Amino acid sequence: MQLIPCPWCGPRNEPEFSYGGEPAVRPIPAESVSDATWSDYLHFRANPKGRARELWCHSAGCGQWFIMERDTATHAIFATLKPGAAA
Amino acid sequence: MKYNALSLLKQGLTGQQGWPQAWRSATLQPRYDAVVIGGGGHGLACAYYLRKIHGVPRVAVLERGWLGGGNTGRNTTIVRSNYFFPESAALYDFALRQYEQLSEALNYNIMLSQRGILMIAHSDHDMELMARGVNAMLLNGIDVELLSAAQVRAELPLANASPTARYPIHGGFTQRRGGVARHDAVAWAYARAASALGVDIVQNCEVQDFIFEAGRIVGLNTSQGEVRAGNFGLSASGHNGVLAGKAGFRLPITSYTLQAMVSEPVKPILHTVAMSTATGMYVSQSDKGELVFGQGLDLYPSYTQRGNFNITQSVVASMLEIFPAFRGLKMLRQWGGIVDVPWDYSPILGPSPVEGLHLNCGWGTGGFKATPAGGYFLAHSMATGGHHDISRPFDISRFTTGALIDEAAGAGIAH
Amino acid sequence: MTARRLSSGGRIDRSKPLYFSWQGRVLSGFVGDTIASALMANNVRVLGRSFKYHRARGIYGAWVEEPNAIVDVVLGGAHEPNGRATTLSLYDGMAVTGLNAQPSVDFDAYSAIDLFHPLLPSGFYYKTFFPNWHRFEPRIREMAGLGTVRPLANTEAFETRTIACDVLVAGGGPAGLAAALTAAEAGASVILADDRFGFGGSLLWGDEAIDGQPGAVWAAAAVARLAGLGVQLLPSTTVFGAYDHNTFALSERRATAAAGWGGERIWTVRAREAVLAAGAFERPLVFPHNDRPGVMSASAALQYLRQYAVLPGQNIVVVTNNDSAYGVAAALQLAGALVTLTDVRPTAPAVARIAEAAGVAVHLGSVVLNTAGRNGVVCADIGAADATSLRAVQRRVPADVVAVSGGWSPAVHLHSQAGGKLRWDAEQVAFLPLAARPHQHLAGSITGAESLAACLASGHAAGSAAATALGLTATVAPPHADAAQPAAPAQAYWRVPVTSARQWLDLQNDVTVKDVALAARENYASVEHLKRYTTLGMATDQGKTSNVNGLALLAEFTGRDIAQVGTTTFRPPFVPVTLGAIAGMKHGALYAPWRRLPAHSEHVAAGADIREYGGWWRPACYPRAGETAAQAIQREAAAARQSVGLFDGSSLGKIVVEGQDAAAFLNLLFYNELANLKPGKLRYVLLLRETGVVYDDGVVARIAPDRYLLSPSSSHTAGVLALLEAWHQTEYPHLKVAFHDTTGAWATFAVSGPNAREVLAPLTKIDLSAEALPHMAFASGRILGVAGRIARVSFTGERSYEVSVPSGYGASLWTALREAGAAFGITPYGIETLSVLRAEKGYILIGTDTDGMTLPDDLGMSGPLRAKKVDFVGKRSLLTPDALRPDRRQFVGLLPLDPTQVPHVGAHAIEFRDGKRRSRGWITSACHSPALDRSIALGMIERGRELAQQGAEVELFHLGKIMKAKVTSPVFVDPAGEKLHG
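Residue numbers (the working numbering), protein chains in the order written: chain A, 83 to 169; chain B, -17 to 397; chain C, 365 to 1346.
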């Protein structure tokens, strides 16, 4: 069970959180991008083994989304950032 | 030496001294015609079919650890082909038909036990969706039956049949040809047969990066040195995304931990593979007597092959909710595998975006049941450069055209 | 056999006898006994049969390492199918039975299998039994398994706890006690867990002194001091799993009046620092026929003597390769046994003097070459340690117990589970941690400490390090133990070099040295292959005693070092843990709690057939006496069409969206245009996923320019709210908008039917006229004097008013509406009835008529895609080649040619293509329509709208049967919508 430092609430147990995917830049205007670009945004992932940048939500807590830098091979957590904060 | 009762008897009289190696441990040669990355069931099957069907002369399988040590050795051993879409049914039933004659074909008992799989419905709505699925499967030529609540209770006498249960039993459906097989034996059987055909099986050989020439993959740098080949197959479940990254492209895949666990062994008490629509659990009883069960993913990317205890608790609770009679049994062992989950839960097969590399990945939580098919169609793609009719719908291009094969959606799940 | 209870000593209470049955025979023991110690005191030798060969098995160990003594235990309503006799407390009235034998463990018909053992090596089943495995498998399954499941046993509730602490100390032996004392005295909050009944570990049966006191006395004082410091003391608690970020899972076996294993409780402990001090397991020393009852671990023999005052035998041979067994030999001799000790090492260690002084006969450079005896050892052959033949016997001695010590394997399980690496220490002849994991500290045997003094020092050091890591300062001095005799190194001796006889490694699974040789010969040379091919270490003891010997032999047979062979991965749990306890309270209603409507009691009183829908308990319909549900549905639907019906829609979501950018935000999110919706008006909308798939439908009300109210479907409310938050926070944080789920705050009832206005009018001053409150408009005001809202929206196709009041008034409003409508025969209708009414109108039900592939155009809702100029979630996905395919499945109505036949939901429309039947789509809803008095259906059919225009017929397939139907528009009743607007 991971101990996740919510940027608003502090460290809380894993079951309070939900993973929300890799941050992806939404192509705009969406209508004018190619099928391939849209598909890349929708489906394709870096899926790194090791240090990863992830979106998480403190869904059973404050409800806020944040960025977490985490090692997917060890579950070590390097940092959690409020959206918009510099990495 | 052929495996049969007679050879076992002869060896019994001579202290079992005469058995040869089941497979050779090869050292990596500098050049092959085809190299398969990943020595699990799929990769070993691919190597076997490359030699057996396509007559490719020099074939190697590279395995990072010990053969069969990835998801082949970590799954809950279920085989079935009860799929909704015709494309999926064709693929998985191809695998099941191979399984049905695999022990003989490979001269190795993989202990295919066609004890049936039974999915329990817990509401009228479940039953309607099951009817939709069963009809689709019947049209796909799959042997399924819709079951009444009484039939389900008769097949699963220990399931909670109380009308006040959290998830009461409204019926279900079964595929009688489904069941379980001995997972390790599938890898070992393919390894032995492939090795006998001259395939080099190289264990403890980790791929470090790809060697490109003129935009085409022509070789690999590995922990045991460089190797070159005409074609490469990617069949390293759990690490396909990582390897694709090294080859310069991304896959529509996220890797999660899927936990599985076994109880202590008890006398036969569960005679089919049971699954529940409501809790997502699946459970069977091994020939040793252990209950083998699992449920959902640890829902965040992970390459740890462990799984966390809060999810273990959820998995156990999901099983006991359907089978409260098992509350007094004990968990003996729990482990995790890395499953590569694509958006639509269907595999990605055929040529990759990079020339010289072919894909067999994205099997998600259900790769074991497809082992012969994954190997067969990867071999086809590597040997012919293109798709078999059965694998064509599973090409990676479907994510761009939108023609997904979404079995979860087919089962009525809106997502 | 002459095991016997001594007249004094031990931690048993001789004043409290207990009576229990063994195989139907009544025996006695004492409070403080385990099942194993009581059986041993009663001279019971054979407790079980091995898994494969059905050989007799006796007690081997004294605690969790036990591979053999697995028994069936019944006490009251509780049942333990595979009870480990060595760890279960004895209780009065227990019924204990041996396992895996027919008819009994003393005479087992299956034991004849052992005669065929030359034909049954490891993995023999891979080489035969095919292609007819299905014929053999049932017989093999019957033979396998240990205990049996009793369906009605073990219904007690379990509970779980989650707790945090500064320091968790796993293991309460001398090292763990020292660590806990050091950390607690420094001011840390400490949890100390030990799986035994009390703390002290080996001090409880050892001879050594600490700080000038007997070890057990020191331990008791330490525990008292820890209690005084507020340490959470958890005896009978096993730390069985190590997980991420220093989370540990513990299993506490609370002794209850009912049973020794009753009330098992799982703790999840988050420790800032952890001390791993779990001790070590004594390995077997392997020799021919070492599986007979009477062969046991030397340290176990000492524990039976000291803990339970049971002398395991009269003529005892001790076999060892290390110093630790000498003290055991001395103690057994002094307790009255005749003890012979063989040490494979050629020179006498310093400790030999202790044994010799006690009268033990010591033979150096020697080993037991063989044992004999039918259901237990009666004699042992002693020969040179390097003998290669069973006949190289130097002396044969009578023996009822052979106590073996093959060295010690520290319990590295938790370290390894936490991701720690191991190294092979050739000097210690053991796998030891390479380095402690972050925030973990090692103490005791796991550090390689052998003497008590070293264990205490390492415990103190670990406690200090944990305190330091917490910013605290350790203040206490380490406990002192007298320096031990200088220790002689253990000899790596893994088995007698005789090949002609079986030597057991895994006693439960019957894995012998020959099996390891076979695996190596066949190239199952990875340690994981060895385990899986031979089943070594996969029994209920998970190889606690057998693994290292097996690895050493694999190394020998494959010409490698043990270090190269390595270990298999250690998996949780450290010991088997009860499934019910793991699940804890997550069971029954607490597995996934149901939600109730505010007027739930009124529905029950009205005779509702209440079922679960998406987690809510809702009325399906309200059958009258003698009426079936199907009849009730038809009656209720007709009443709503002809006069007026009443429906509880309180579970429909009510999410308030407000803020100056609410309109802009909703326009980005929803498929439909929402910026131009006028305050006071409602609009039916779809919400898509980014993949274009319809996630939910619902109604949006604009309450004010900057305030909307969304009504998602009941089962999607939480999901919709999560989607809104996700999009707002991650993609559109610059928009000023906030969300608030008020679903639980409101009770909502739909009054629907031609007489709806007449029923409702007397209860409110809100103007209900068609002009003031047209279809898809709403008004706020008082209803029965309570501030509420009335929305003119219809899911039935009839004139409908949705009345909302604060949920506390729900029950009274329901009652008032029924009273007000009595004159019109107002009829409560349930969700199944609503499903019929909406099907007649062709209104979709999300998740019933749609699935994870449905796009808006498939439902015939393509207007917004064409008309709406701004981008919205999912829009781009509606423009992919697959989304624009002309042959997509489309939502249509179907009229069976036989109007009396209702097609089955899930039936497929089929056609023949290339000589094969194929699906063209399926039925999503079907019923008998009371309005049309005929069967109707809705479905998703390929090119359905084209077929409907043509009035084409399709064949519907269900379980092999065919029914024909005509494809039509999905709107069967009032296609012009006149009833809605009047």
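Keep in mind that the hints were calculated from the coordinates and are not lab data. Everything numeric in this text was worked out from a predicted model, so none of it was measured. Certain hints may be false.
Claimed, not checked - Each computed DSS-like pair below joins lysine-lysine, with the alpha-carbon atoms no more than 27 Å apart:
no., chain 1, residue 1, chain 2, residue 2
1, C, LYS1233, B, LYS249
2, C, LYS1045, C, LYS1280
3, A, LYS164, A, LYS131
4, C, LYS491, C, LYS416
5, C, LYS416, B, LYS(-8)
6, C, LYS416, B, LYS(-16)
7, B, LYS270, C, LYS1233
Verification of the hints:
1. Using a Cα cut-off of 27 Å, the hinted pair C:LYS1233 and B:LYS249 is violated, with the two alpha carbons roughly 66 Å apart.
2. A distance of roughly 52 Å separates the Cα atoms of C:LYS1045 and C:LYS1280; the hinted pair therefore is violated under the 27 Å criterion.
3. Taking the CA atoms of A:LYS164 and A:LYS131, the gap is near 23 Å; set against the 27 Å cutoff, the hint holds.
4. Between C:LYS491 and C:LYS416, the direct Cα distance comes to roughly 17 Å. Compliance with the 27 Å bound is thereby established for this hinted pair.
5. Between C:LYS416 and B:LYS(-8), the direct Cα distance comes to roughly 21 Å. Compliance with the 27 Å bound is thereby established for this hinted pair.
6. Of the pairs offered as hints, the one joining C:LYS416 and B:LYS(-16) holds, with about 25 Å between alpha carbons and a cut-off of 27 Å not exceeded.
7. Between B:LYS270 and C:LYS1233 the CA atoms are separated by roughly 64 Å; this puts the pair beyond 27 Å, and the hint is violated.
Of the numbered hints given earlier, the model fails hints 1, 2, 7; all others are met.
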